[in-house]
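Trainee: Next come the chains, spelled out residue by residue.
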Amino acid sequence: MTDATLGTGAVGTGTSDPVSTFERHRTELRASRRVWNLIALAVFMVALALSINISQFFPDRLATAFTRFFEYFGTITPNLEWDLLFEGRDENGRAVAGSITYWYTDFWDYMTLIGETILMAITATLIGTAFAFVLSFPAAANLAPNSAIYWVSRRFLELCRGVPEILLALVFVFAIGIGPLAGVMAIAIHSAGALGKLFAEVNENASNRPVEGITAAGGTWAQKMLYGVVPQVAPNFFSYAMLRFEINVRASSIIGFVGAGGIGAELNRVISFYSDDRVMAVLILIVVMVTIIDLISERIRLGFIGRENFA
Amino acid sequence: MSIAMLKAITPNDIVRAQADHPAAFSSRGRNLKLALRAIAFSYVCGSLWYFEVWKLLSPSELVRDFLRTIFVWQDMATWQYTNIYRGITETMAMAFLGTLLGTIGSLFVGFLAAKNVMTIAPIRQLVRRFLDVLRGIDQLVWGLVFVRAVGLGPLAGVLAIFISDLGTLSKLYSEAIENIDRKEVEGIKATGAGPFAVIRYGYIPQVLPVFISQSLYFWESNTRSATILGIVGAGGIGMIIIERFRAGLYDQVAFVVLNVLVIIFFIDWLSKRIRLWAIGEKQH
Chain Z
1 MTDATLGTGA
11 VGTGTSDPVS
21 TFERHRTELR
31 ASRRVWNLIA
41 LAVFMVALAL
51 SINISQFFPD
61 RLATAFTRFF
71 EYFGTITPNL
81 EWDLLFEGRD
91 ENGRAVAGSI
101 TYWYTDFWDY
111 MTLIGETILM
121 AITATLIGTA
131 FAFVLSFPAA
141 ANLAPNSAIY
151 WVSRRFLELC
161 RGVPEILLAL
171 VFVFAIGIGP
181 LAGVMAIAIH
191 SAGALGKLFA
201 EVNENASNRP
211 VEGITAAGGT
221 WAQKMLYGVV
231 PQVAPNFFSY
241 AMLRFEINVR
251 ASSIIGFVGA
261 GGIGAELNRV
271 ISFYSDDRVM
281 AVLILIVVMV
291 TIIDLISERI
301 RLGFIGRENF
311 A
Chain X
1001 MSIAMLKAIT
1011 PNDIVRAQAD
1021 HPAAFSSRGR
1031 NLKLALRAIA
1041 FSYVCGSLWY
1051 FEVWKLLSPS
1061 ELVRDFLRTI
1071 FVWQDMATWQ
1081 YTNIYRGITE
1091 TMAMAFLGTL
1101 LGTIGSLFVG
1111 FLAAKNVMTI
1121 APIRQLVRRF
1131 LDVLRGIDQL
1141 VWGLVFVRAV
1151 GLGPLAGVLA
1161 IFISDLGTLS
1171 KLYSEAIENI
1181 DRKEVEGIKA
1191 TGAGPFAVIR
1201 YGYIPQVLPV
1211 FISQSLYFWE
1221 SNTRSATILG
1231 IVGAGGIGMI
1241 IIERFRAGLY
1251 DQVAFVVLNV
1261 LVIIFFIDWL
1271 SKRIRLWAIG
1281 EKQH
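Going down the list, the protein sequences come from chains Z and X.
So the first sequence is numbered by my numbering: it starts at 1 and just counts up by one.
So the second sequence is numbered by my numbering: it starts at 1001 and just counts up by one.
Chain Z on its own, in the form it takes in the complex (with noise of 0.2 Å):
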């Protein structure tokens, strides 16, 4: 289109034509948008200049803190030398300093540790899936057989993942003693809230034409959900679960901060105590872990269900 074929496009006076038309009324949003933005800005500001003063966040503060951050990851940065790396220990069945071996002292304990803490994420995803998927056919709004224990379930639900996980822990410390049960028992039923409310979502989605043939061939309420909505959410479900053992073991590895087993009470042990090369070596242990286990799961995800089917 050229200058020509617009000029002549737009007859008449300024009013009619289409340009000054889209410019006024973009001005006529622009004000009345303007006053809301001004409005919003001052309520930003004044969060902003509360947050900071109330935690301290000033840049005297901050600078010290810098460099005490710096400071701090220089204590437990362990000193290796590179010429006794790989030194053993000696005959008296010492560690040589500035060796692996010295750095690791403890390896083995700290492999118990990850071990249980692994096995704690296991067992609390397996137990809070089986009771998520139980509670979610009555808490989803299409599938429930009354709204009175749709209502039910579905508080039930928000109460156990409204309580965070090391809540519960410090709870179920005090009544059944310090040790990985209690955390395995917090994280059951945190994960059993926060999946049982992804899976109700997903069987709101459900196709209706299967449940409905089971109805017409006379099943059961039960027979219903087994066969006309298990089959359709199955894959969905397994994802859900598997993204939720990820962050399960993220959480175990530090509910031991309340004394519900796992490597986090040797963490917080070694920070509390320590200011040493030992923080780091818990903390790479850590690391590693929770990167092994979220490449061996995506892995198991995506081999499940398919890369394009996975939203």
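Just so you know, these hints were derived from the structure itself, not from any lab.
Be aware that one or more of the hints could be misleading.
Unchecked claim - Within a straight-line C-alpha distance of at most 25 Å, the following computed DSS-like cross-link-like pairs (lysine-lysine) qualify:
1. Z:224 x X:1033
2. X:1171 x X:1007
3. X:1272 x Z:197
4. X:1115 x X:1183
5. X:1033 x X:1115
6. X:1183 x X:1171
7. X:1183 x Z:224
8. X:1189 x X:1115
9. Z:224 x Z:197
Bear in mind the structure is a predicted one, so any value in this text is a computation, not a measurement.
On the provided structure of chain Z, position chain X as indicated by the hints.
Mentor: Coordinates of chain X only, in the frame set by chain Z:
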């Protein structure tokens, strides 16, 4: 198929149909499923035995006391509400500032980790591995590390939220940047726009809704996690929760947790409203 026809089917017909189509009646799939279920079941039983599940059957005597106290609130006048609400305000401030800083940081780091913007592979890989490490360490561990580095208080919490958000948000941002539609960028370029205009009108309109919606989601989730950061001393309401729990004041703990749930519900509602206001009806 009518009822009469269904009734006319004899056991012989069924046997013949099964013999004609062995694949449809194979028991392999069923056996595999049964075996998987048996493995999962025996695993759960075994691990529960390893974790000493019988301890659940003999809970400590204090549990009855605990359950009674969280439902029957006593001496409500002496609960030091100022401390509680100061802690809650601190938690909200930590979550707000931490998320804001994380968002600002991720705006830069996200572009550095996006394949279509950062074309130099070694730098991109380095940035991504760095983000993996930030994500691999839990927020609570960062809290503990920052408490050691900068001392007790909300500043440690803000920094912990900032660092862990930087890891996660940058990854999400870089994925959003990688998923943009090249055609819009090319369209802007075709009009003869300069590099600044290309970013402003080609990239930003496509990625901004995703950025806003992710950050708002993180704001809500950080408010949740900021409540427990105090357990390691990184400021906020968590400190009050654990102190009063250890002191046996379970009714106050129940009250504080209820308050926190209300606050989280409010932030959830607020972030939904802001999302609607900022990016319209479209869901991301």
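Trainee: Give a verdict on every hint.
Mentor: Hint check results:
Between residue 224 of chain Z and residue 1033 of chain X, the direct Cα distance comes to roughly 20 Å. Compliance with the 25 Å bound is thereby established for this hinted pair. Proximity of residue 1171 of chain X to residue 1007 of chain X is assessed by CA-CA distance (about 62 Å); at most 25 Å being required, the pair is judged violated. About 18 Å separates the Cα atoms of residue 1272 of chain X and residue 197 of chain Z, which keeps this hinted pair within 25 Å; it holds. Proximity of residue 1115 of chain X to residue 1183 of chain X is assessed by CA-CA distance (about 17 Å); at most 25 Å being required, the pair is judged to hold.
With a C-alpha separation of about 42 Å, the suggested pair residue 1033 of chain X and residue 1115 of chain X falls outside the 25 Å cut-off, and the hint is violated. For the given pair, residue 1183 of chain X sits about 23 Å from residue 1171 of chain X by alpha-carbon distance, which is consistent with the 25 Å threshold. Distance restraint check for residue 1183 of chain X and residue 224 of chain Z: the Cα-Cα separation of roughly 47 Å exceeds the 25 Å cut-off, and the hinted pair is therefore not satisfied. Among the hinted pairs, residue 1189 of chain X with residue 1115 of chain X is consistent with the structure: their alpha-carbon atoms are about 20 Å apart, no more than 25 Å.
A distance of roughly 20 Å separates the Cα atoms of residue 224 of chain Z and residue 197 of chain Z; the hinted pair therefore holds under the 25 Å criterion.
The structure is inconsistent with the numbered hints 2, 5, 7, although it conforms to all the rest.
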